[in-house]
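Protein chains: 4
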Amino acid sequence: MILPPIPTPFDREGRLDTEAFRELAEALEPLVDGLLIYGSNGEGVHLTPEERARGLRALKPRKPFLVGLMEETVPQAERALLEAQEAGAMALLATPPRYYHASLGEGLVAYYKALAERMPIFLYHVPQNTKVDLPLSAVETLAQHPRITGIKDSSGDLTRLAFYQAHLRDDFRVFTGHAPTFLGALALGAEGGILAAANLAPRAYRSLLEAFRTGRLSEAQALQKRLFPLGNLLSRGGVPLLKQAMRHLGLPAGYPRPPYPQESPIWKEFRPVLEALKEEGWLL
Amino acid sequence: MILPPIPTPFDREGRLDTEAFRELAEALEPLVDGLLIYGSNGEGVHLTPEERARGLRALKPRKPFLVGLMEETVPQAERALLEAQEAGAMALLATPPRYYHASLGEGLVAYYKALAERMPIFLYHVPQNTKVDLPLSAVETLAQHPRITGIKDSSGDLTRLAFYQAHLRDDFRVFTGHAPTFLGALALGAEGGILAAANLAPRAYRSLLEAFRTGRLSEAQALQKRLFPLGNLLSRGGVPLLKQAMRHLGLPAGYPRPPYPQESPIWKEFRPVLEALKEEGWLL
Amino acid sequence: MILPPIPTPFDREGRLDTEAFRELAEALEPLVDGLLIYGSNGEGVHLTPEERARGLRALKPRKPFLVGLMEETVPQAERALLEAQEAGAMALLATPPRYYHASLGEGLVAYYKALAERMPIFLYHVPQNTKVDLPLSAVETLAQHPRITGIKDSSGDLTRLAFYQAHLRDDFRVFTGHAPTFLGALALGAEGGILAAANLAPRAYRSLLEAFRTGRLSEAQALQKRLFPLGNLLSRGGVPLLKQAMRHLGLPAGYPRPPYPQESPIWKEFRPVLEALKEEGWLL
Amino acid sequence: MILPPIPTPFDREGRLDTEAFRELAEALEPLVDGLLIYGSNGEGVHLTPEERARGLRALKPRKPFLVGLMEETVPQAERALLEAQEAGAMALLATPPRYYHASLGEGLVAYYKALAERMPIFLYHVPQNTKVDLPLSAVETLAQHPRITGIKDSSGDLTRLAFYQAHLRDDFRVFTGHAPTFLGALALGAEGGILAAANLAPRAYRSLLEAFRTGRLSEAQALQKRLFPLGNLLSRGGVPLLKQAMRHLGLPAGYPRPPYPQESPIWKEFRPVLEALKEEGWLL
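Residue numbers (the UniProt record's numbering), protein chains in the order written: chain D, 1 to 284; chain V, 1 to 284; chain E, 1 to 284; chain W, 1 to 284.
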C-alpha cells in the first residue's frame with residue numbers, strides 16, 4: 001500500500017481552506033491506496049481543535065484512511081479520537097507525548113493503551129518532528145495489544161524495521177514514512193509506504209512497490225535510484241517544500257501556516273529534480 | 001527576583017482543579033517576587049484552549065506575573081496572547097515553534113516579532129522540553145526589538161548566559177530557569193531565577209540571591225552547595241516529582257495529567273533531601 | 001563478498017599474541033572472501049606502532065585483505081601505510097582524523113588525498129567508534145579520486161547507502177559493516193559485508209548474500225530475520241562479546257586489551273542466540 | 001592557578017620543532033602558575049611515542065606542570081606514564097579510553113585506578129575532543145582514590161562543576177578548561193583555569209581570578225564580559241586559531257600537524273578581538 005500524508009491547505013494569511021482540502025484529497029485518492037490525514041506533513045499540530053474537526057468533516061474519503069494525532073495527554077486526545085472514529089478512520093496514528101517525555105516513564109505504554117480502548121491504533125515514530133524516542137521495547141509490548149495493529153516509522157533508522165521484521169508478530173503492519181530508503185525498508189519487511197513524496201509521484205512509488213513484490217528486483221533498484229533525490233530533498237525541505245512543489249504542479253495545497261516560510265530555501269535545487277521526473281511521466 | 005513556575009493542579013482523573021490552582025497561587029505569592037503561570041512546570045501544553053482560559057481566569061495575582069506559551073503557529077497563539085494581556089501579565093514567555101522546527105528558518109524571528117506586536121515578550125529557551133534550539137544569533141537579533149524585553153533560559157548551558165552578559169543590551173532581562181547552576185548564572189549576569197525549586201524553597205533561593213547581590217560570596221556559595229541536590233534531583237524528576245513533593249508539604253498541587261505518572265520514580269531519593277532542608281527551615 | 005574484521009588476540013594480561021593471531025586468520029580465511037585486519041573489531045587503536053607491525057607480519061593471508069587505519073595526522077599514518085603496502089593489502093581502510101575534528105575543515109579531504117598518493121584507499125565510516133561524521137559531500141568528492149576505490153559504512157544509516165547508490169560512480173565499491181540491516185543494505189546497492197558477525201557465522205552471511213544475488217528474495221528475508229539477533233546483539237556487545245563468543249566456539253581470539261572487560265555483560269543474552277544458530281549449522 | 005595548555009610546535013611540513021617548543025614554554029612560564037603539556041591544545045594525540053618523549057625531554061619547566069595523556073589502553077599508557085613521572089610532572093591528566101567506549105563499562109574506573117598505581121592522576125573531561133562522557137558517578141568514585149587528586153573539566157557544562165562543589169571532598173582540585181564561562185566556574189567552586197586563552201592573555205585571566213578571590217565581584221564581572229569573545233571564539237577555532245594567533249603575536253607556536261589547516265577560517269573574526277585586547281594591555 002502507498003498512502004500520501006496529504007497536506008492541509010492554508011491561504012496566504014494562514015486561514016484553513018477546507019474547500020481546497022477536499023479538492024486535494026479528491027485529486028489524490030484515485031492514484032493511491034488510501035490517505036493519511038493530519039500526519040507528518042498534514043500540520044495537524046497547527047490546528048485548533050475546532051479547525052481540526054472542521055477540516056476532517058470536509059473530507060469524504062472512499063478509500064481507507066488514517067488520522068494522525070500528536071497530543072500530549074489522554075484527556076486532550078479524547079475529542080480527536082472521537083472525531084476520527086466518527087469519520088470512519090481505519091486507525092488513529094499517534095505519536096508519543098513529547099513535552100515532558102523525560103518524565104513519562106510507564107506513561108508511554110499507558111498512553112497507547114488508553115487510546116486503544118476506543119479504536120484501532122497505529123504507533124507513529126517520527127523523531128525528526130517529535131524529537132522523542134519510541135523505544136523498541138515499548139513497541140514490542142504494545143504490538144501484543146489486539147487493537148494496536150501497526151506502526152508508521154519515519155525515522156529512516158532501518159535497524160528498527162529489521163527489528164520489527166525479526167521480533168514482532170507477522171500480522172503487525174509496518175509502514176515506512178521515509179522515502180529515501182524505501183526499497184531497503186521493503187527488503188526489511190515493510191508492507192508499504194506513507195510517503196510525502198507520494199503526494200507528488202504516487203504512480204512511481206506504487207510501481208516500485210509492485211516491482212519489489214513481484215520479484216523484479218533490478219527494476220525496483222533502478223526506480224529506487226531514480227526516486228532517491230526526490231525523497232531525499234523532500235525530507236530536508238519538509239512542508240514548505242512539499243506545498244510549493246504541489247502548487248507548482250497545480251494542486252490546491254496552499255501554504256504553510258505562519259510563521260513557516262511560504263517558499264522553501266531549497267526549491268531551486270528541487271525544481272529540476274521534480275521537472276525531470278515529470279517529463280519521464282512519474283508525477284501525478 | 002525569584003519566581004516559581006507554579007504547577008497546574010489536576011485531580012487523580014486528570015480534571016483541571018481551578019480552585020486548587022487559586023489556593024496554590026495564593027499560598028506561594030507572598031513568599032516570592034511574582035509568578036510564572038503555564039511555564040516549564042505549569043503543564044500549559046496539557047490544557048485545551050478552554051481549560052487554559054478557565055485556569056487563568058481563576059487566578060488573581062497581585063505581584064507581577066508571566067504567562068507561558070508553547071504554541072506552534074501565530075494563529076494558534078492569538079487567543080492565548082489576548083487572554084494573557086487581559087489578565088494583566090507583565091509579559092508572555094514564549095518558546096519557539098517546535099514540530100516542524102527544521103523548516104522554520106526565518107520564521108523563528110518572524111514568530112516572535114508577530115507576538116511582540118501585541119504585548120511584551122520574553123524569549124523562552126528550555127530545550128529539555130522543546131527539544132529545539134533558540135540560536136544565539138536569533139536572540140541577539142530579537143533583543144533589539146523594543147517589546148522583546150527578556151529571556152528565561154532553562155538550558156543550564158552557561159555559555160549562553162555569558163554570551164547574553166557580553167553581547168546583549170544592559171537592560172535586557174535574563175532569568176535562569178536552571179537551579180543546579182543558579183550561582184553560576186548570577187555570576188554571569190542573570191538578574192534572578194524562575195525555578196521549579198522555588199515552589200518548594202522560595203526563601204532559600206531568595207537568600208542565595210540576596211547574599212550574592214550584597215557581596216557575601218562565601219555565604220552564597222554555601223547556599224548554592226546546600227541547595228544543589230534539591231535543584232538537581234528536581235531537574236531529573238520533573239513535574240511528577242515536583243507535584244509529589246508539594247503534596248507531601250501539604251500544598252494543593254494535584255497530580256500530573258494522564259498518562260504521566262502520579263508518583264515519581266526518584267521520590268525515595270528526593271524525600272530525605274527535602275526533609276533535611278525542611279528541618280533546617282529552608283522550605284516554605 | 002563477505003569479509004570478517006578479525007579480532008587481534010591479547011592474552012589475559014594484555015600482551016599481543018601473534019601466534020594466536022595467525023591461527024585465527026588461518027581458521028577463518030577458507031570460509032570467507034577475504035579479511036579485514038585492524039578494522040572495527042581488530043583493536044588497531046590498541047596497539048603501539050611496533051606491535052601493529054609485528055602483528056601484521058605474523059599473518060600470511062592468501063585471499064584479498066584490507067588493513068584498517070585510525071590515525072590522526074598524515075605523518076603518523078605514514079609508517080602504517082608503508083607496512084600495509086608491503087604486506088600486500090588490497091587497500092587501506094581509513095577513518096577520518098577524530099580528536100580535533102571540529103577544526104579539521106578542508107583537512108578531511110586533504111587527509112584522504114595524501115593517503116591515496118601511496119596506495120588504494122577505502123573510506124571508513126564507523127561513527128559508533130570514531131564519533132565523527134564523514135559527510136556525504138566529502139564522500140562524493142573523494143569517490144572521484146582514482147585511488148579512492150570504496151567505502152565501508154558501518155553506521156547503519158541506510159540513507160547513506162541509498163545516497164551512494166544514487167550518486168556515486170557505478171564501480172565505487174560499497175560494503176556495509178552493519179549486520180542488523182544487511183539485506184536492506186544489499187537492496188540499496190552494497191556489494192557485500194564486512195561484518196563482525198561473519199567471524200561467527202561466515203557461511204550464513206554468504207548464503208544470505210547469495211540468495212539475494214540470485215533473486216531468491218524470500219529466502220534472503222528468512223535468513224535476514226534469522227540472523228538479526230546475532231548481528232544486533234553483537235553491535236551492542238562489541239569486542240568483548242565477540243571475543244567471548246569466539247573463545248566459546250574454541251577459536252583463539254584471546255581477550256580485549258585492559259582495561260576493557262574480559263567478559264561481556266550481555267553474554268548471557270547472547271549465548272542462547274549463538275547456540276541455537278550453531279545447532280542449525282550456521283556457525284563456522 | 002592559571003595554567004595554559006601550551007601548543008606543540010610543528011613546522012609547515014609537520015615536523016616536530018623541539019627548540020621552538022622549549023622557547024615557547026620559557027616565554028609563557030613566567031606569566032602563569034604552571035603549564036599543561038600535551039593537553040587539550042597540545043596535540044599530544046598527534047605525536048608518535050618517540051616524538052612525544054623527545055618533546056617532553058626538550059622542556060625544563062620550573063613551575064608545576066601537568067602532562068596530558070589520551071590513550072586507549074593500560075599497556076599503551078605505560079611508556080608515557082613513566083616519562084611523565086621522570087620529567088617531574090605534578091600529575092598526569094588523563095582522558096578516558098574512547099574508541100570502544102560503548103563497551104568499556106567497569107573498565108573506565110579500572111583504567112584510572114591502574115594509572116594511579118604509578119603517579120598522581122587528574123581526570124580529564126573534554127568531550128568536545130574525546131566525544132565520550134566521564135559520568136559523574138565515576139568521578140565520585142574515583143575522587144575517593146588517594147592518588148586521583150583533581151580534574152580538568154573543559155566541557156563548559158557547569159552543572160558538573162556544581163556537582164563537584166556539592167558532592168566531592170573539599171581538597172579534590174577542580175580546574176575549568178572552558179574560558180567562556182570562567183567566572184561561573186569560579187563561583188561554582190573551581191580553583192582555577194587551564195585555558196587555551198591563557199596562552200594569549202595570561203595576565204587577564206590571572207587578574208580575573210584574583211578579583212574573584214578577593215571579593216571584587218563587579219571587577220571580575222567586567223573582566224569576564226571583556227574576555228568572553230576571546231575565549232568563545234577560541235573554543236570554536238581550536239588549535240589552528242590558537243597557533244595562528246600566537247604566531248601573530250610573535251610566539252614560536254608553529255603550525256598544526258597536517259592535514260589540519262594552517263590558517264583558521266575564523267581568523268578574520270578573531271583578529272580584531274585580539275588586537276583590541278592587545279591595545280588595552282591584556283595580552284602577554
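No wet-lab data here; the hints were simulated from the structure.
The C-beta atom is built at its ideal place from N, Cα and C for all residues, glycine as well.
Hints should not be assumed to be uniformly reliable.
Said to hold, decoys possible - Listed below are the simulated DMTMM-like cross-link pairs for lysine to aspartate or glutamate, each with C-alpha atoms no more than 25 Å apart in a straight line: (1) E:225 <-> D:11; (2) W:225 <-> V:210; (3) W:131 <-> D:23; (4) V:225 <-> W:140; (5) D:278 <-> D:23; (6) D:225 <-> E:11; (7) E:60 <-> E:50; (8) W:113 <-> E:19; (9) E:131 <-> D:133; (10) D:225 <-> E:157; (11) D:113 <-> V:191; (12) E:268 <-> E:280; (13) E:268 <-> D:23; (14) E:113 <-> W:13; (15) V:131 <-> D:171; (16) E:225 <-> D:106; (17) D:268 <-> V:106; (18) D:131 <-> E:133; (19) W:225 <-> W:171; (20) D:131 <-> W:133; (21) W:225 <-> V:140; (22) V:113 <-> D:171; (23) W:225 <-> V:170; (24) D:131 <-> E:157; (25) D:225 <-> E:50; (26) V:63 <-> V:33; (27) W:268 <-> V:140; (28) V:278 <-> V:263; (29) D:268 <-> E:140; (30) D:225 <-> E:191; (31) V:131 <-> W:133; (32) E:63 <-> E:19; (33) E:225 <-> D:157; (34) E:113 <-> W:263; (35) V:268 <-> D:106; (36) W:225 <-> V:191.
What the hints assert, rightly or not - Derived CB-CB ranges, DEER-like: (37) E:268 <-> W:63: 49 to 55 Å; (38) E:250 <-> D:136: 28 to 34 Å; (39) W:50 <-> E:219: 42 to 48 Å; (40) E:275 <-> D:191: 55 to 61 Å.
Here is how each hint holds up against the structure:
1. E:225 <-> D:11: Outside the cut-off at roughly 48 Å; violated.
2. W:225 <-> V:210: 22 Å, holds
3. W:131 <-> D:23: It is violated: about 51 Å lies between the C-alpha atoms, which goes past 25 Å.
4. V:225 <-> W:140: 16 Å, holds
5. D:278 <-> D:23: 21 Å, holds
6. D:225 <-> E:11: 48 Å, violated
7. E:60 <-> E:50: 18 Å, holds
8. W:113 <-> E:19: Distance of about 31 Å is beyond 25 Å: violated.
9. E:131 <-> D:133: 21 Å, holds
10. D:225 <-> E:157: Given pair residue 225 of chain D, residue 157 of chain E holds - Cα atoms ~17 Å apart, limit 25 Å.
11. D:113 <-> V:191: Violated - the C-alpha atoms of residue 191 of chain V and residue 113 of chain D are around 45 Å apart, more than 25 Å.
12. E:268 <-> E:280: Judged against 25 Å, a Cα distance of about 20 Å means the pair holds.
13. E:268 <-> D:23: Not satisfied, since the Cα-Cα distance of roughly 58 Å exceeds 25 Å.
14. E:113 <-> W:13: 16 Å, holds
15. V:131 <-> D:171: The hint is violated at about 34 Å.
16. E:225 <-> D:106: Distance ~29 Å between residue 225 of chain E and residue 106 of chain D Cα, so the pair is violated.
17. D:268 <-> V:106: Holds, at about 17 Å.
18. D:131 <-> E:133: 21 Å, holds
19. W:225 <-> W:171: Judged against 25 Å, a Cα distance of about 29 Å means the pair is violated.
20. D:131 <-> W:133: 22 Å, holds
21. W:225 <-> V:140: Given that 25 Å is the threshold and the Cα spacing comes to 16 Å, the pair holds.
22. V:113 <-> D:171: Given pair residue 113 of chain V, residue 171 of chain D is violated - Cα atoms ~50 Å apart, limit 25 Å.
23. W:225 <-> V:170: Holds: residue 225 of chain W and residue 170 of chain V sit about 12 Å apart, inside 25 Å.
24. D:131 <-> E:157: 18 Å, holds
25. D:225 <-> E:50: Violated, at roughly 46 Å.
26. V:63 <-> V:33: The given pair, whose Cα atoms are some 7 Å apart, holds under the 25 Å limit.
27. W:268 <-> V:140: 21 Å, holds
28. V:278 <-> V:263: Answer holds: residue 278 of chain V to residue 263 of chain V is near 20 Å, not above 25 Å.
29. D:268 <-> E:140: 21 Å, holds
30. D:225 <-> E:191: 15 Å, holds
31. V:131 <-> W:133: Measuring from Cα to Cα gives roughly 21 Å; hence the hint holds.
32. E:63 <-> E:19: Holds - the C-alpha atoms of residue 19 of chain E and residue 63 of chain E are around 19 Å apart, at most 25 Å.
33. E:225 <-> D:157: 16 Å, holds
34. E:113 <-> W:263: Cα-Cα ~19 Å, so holds.
35. V:268 <-> D:106: Given that 25 Å is the threshold and the Cα spacing comes to 17 Å, the pair holds.
36. W:225 <-> V:191: 15 Å, holds
37. E:268 <-> W:63: 49 to 55 Å: Because 53 Å falls inside the window, the suggested range holds.
38. E:250 <-> D:136: 28 to 34 Å: Since the Cβ atoms of residue 250 of chain E and residue 136 of chain D sit about 33 Å apart, the hinted range of 28 to 34 Å holds.
39. W:50 <-> E:219: 42 to 48 Å: Violated - the Cβ-Cβ distance for residue 50 of chain W and residue 219 of chain E, about 55 Å, lies outside 42 to 48 Å.
40. E:275 <-> D:191: 55 to 61 Å: At 33 Å between Cβs, range violated.
Figure legend: structure checked against the earlier numbered hints; hints not met, in rising order: 1, 3, 6, 8, 11, 13, 15, 16, 19, 22, 25, 39, 40.
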